[in-house]
Amino acid sequence: MTDFNLASLLEDTAAEHPEREALVFGDTRLSYAQVDGAANQVANLLVSRGIERGDKVALSCPNLPYFTIVYFGILKAGGTVVPLNVLLKGREVAYHLADSDAKAYFCFQGTPELAIGREGHAGFEQTDGCEHFFMITADPTADSPVGGTETLGRAVAGQPPTFDTVVTDEDDTAVILYTSGTTGQPKGAELRHRNMRDNARAGRDLFGADAEKPDTYLCVLPLFHSFGQTVIQNGAFAFGGTVVMLPRFEAKAALDLMLANEVSFFAGVPTMYWGLLGALEEGVDISSIADNLRVAAAGGSALPVEVHKGFERKFGVTILEGYGLSETSPVASFSKYGADVRVGSIGTPIPGVEMKLLKADSWDEIGADEEVGEIAIKGHNVMKGYYGRPDATDEAIQDGWFRSGDLARKDEDGWYYIVDRSKDMIIRGGFNVYPREIEEHLLTHPDVSLAAVIGVPHESHGEEIKAVVILEKGSSLTEEELVAWARDEMAGYKYPRIVEFVDELPMTATGKILKRELS
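Note that full-length UniProt numbering has the sequence shown beginning at 1, numbered continuously upward.
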């Protein structure tokens, strides 16, 4: 075991390149030295309030410089960061604070433009054990809108901008990331300092990251989520990059920021790429964006092949698709930068990580005659376990292997291809149907813009296949016509008998389609 604190990602770069831009938000541009100094003030505040090594500190904040400053301040103080989804309501906030044993909580106030966090205030009075509450206000000098609650600005006033970072072990828990809780209550994945460090530093191999030629990253992925936190924030800081923040993804705003800031690194979930393509208007010149863009990375869910091809055609950049989960810090596999990309593949395991495919009802690998299995992952990225849930940990991890719940196949060269979530698989009349395959096929129809396929109860077949579809603008396609087209294009047990047209699909704060809200 080795002494290491994840805050070193910030401190080392601040020491080497103090004047280099670290964070950009609107007209605010902060250097590494400024971010490090502000994080030191937060660390001094926490220590003065009795926060010790290993104590949990929760953080609710959208993509603003405050998130990064508080995040590294908690780490410097030796604490464990518990980032919370900014859309949680009071009851949900209370659950997360109690479940994580948080001793302090930083919460963004919200503004008319960013009405985020307001409902979370109800969680204050519902949670025992959380002793300190700090309101992050847009105006650091403003009074707190919640009686008896300190503002971050007032609390750090007078705190020194220097701090001796608490020594932690690389196996100490740096971050607790809560899973989405699609089945039961959300669970907190404990990620060690080394889990997060090694995943952030993997950018050297995966993206060709170079501290001598730092990238400018557009941060549209929520920082409370592992993808944005590791690949964008921590990945940028590991190599001295600049992070341009956008609190809420809007395609036109993202394109404007890419243009204005000469963004060279973009990462997003598939719906974000779909949104960028949809925002392109006739005659819009994106040549300068394409000239600057060096890396486009995708993860979070399967990237439709048609979206992949469309982005490459418009922007001249091939999207590098990867795969991972909160429990794996998150990156487990990736399509390596500079290598020939196989469209539709999530690549191969990253250095130091192994993957294999398991049978549905055991920890045994699938046989030579089987094509699809459940992904299992082993390596430096796998979590310590679920906080306070030894039984759930034992169920998910065996001999160092983490069971993902995602179904995939592997080609002869070791490249993996996601088939679907095991829980999303539809069983129609005894046949296994994978929604992603149907969605991919539907997207080849010229009138289909986006599709989500689900199973709905059926008396005789067990489940029937339903497609919820967003049409291209101006389309006159009828639901009956799409069903007829699908019947001609797909096997009899696969094509959707039920089609519903909608204007939008429900999505999580991270941009994933919420299939459980479809019926």
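Just so you know, the hints here were simulated from the structure itself, not pulled from any lab data. Bear in mind the structure is a predicted one, so any value in this text is a computation, not a measurement. A couple of the hints might just be wrong.
To be verified - Below, simulated DSSO-like cross-link-like pairs (lysine-lysine); rule was C-alpha separation at most 27 angstroms, straight line:
hint : residue 1 : residue 2
1    : Lys378    : Lys494
2    : Lys512    : Lys423
3    : Lys494    : Lys512
So, going through the hints one by one against the coordinates:
Our distance criterion of 27 angstroms between C-alpha atoms is broken by Lys378 and Lys494, whose separation comes to about 34 angstroms. Note on Lys512 and Lys423: the hinted pairing holds, with a Cα-Cα distance of about 15 angstroms set against a maximum of 27 angstroms. A distance of roughly 23 angstroms separates the Cα atoms of Lys494 and Lys512; the hinted pair therefore holds under the 27 angstroms criterion.
Of the numbered hints stated above, the single one contradicted by the structure is hint 1.
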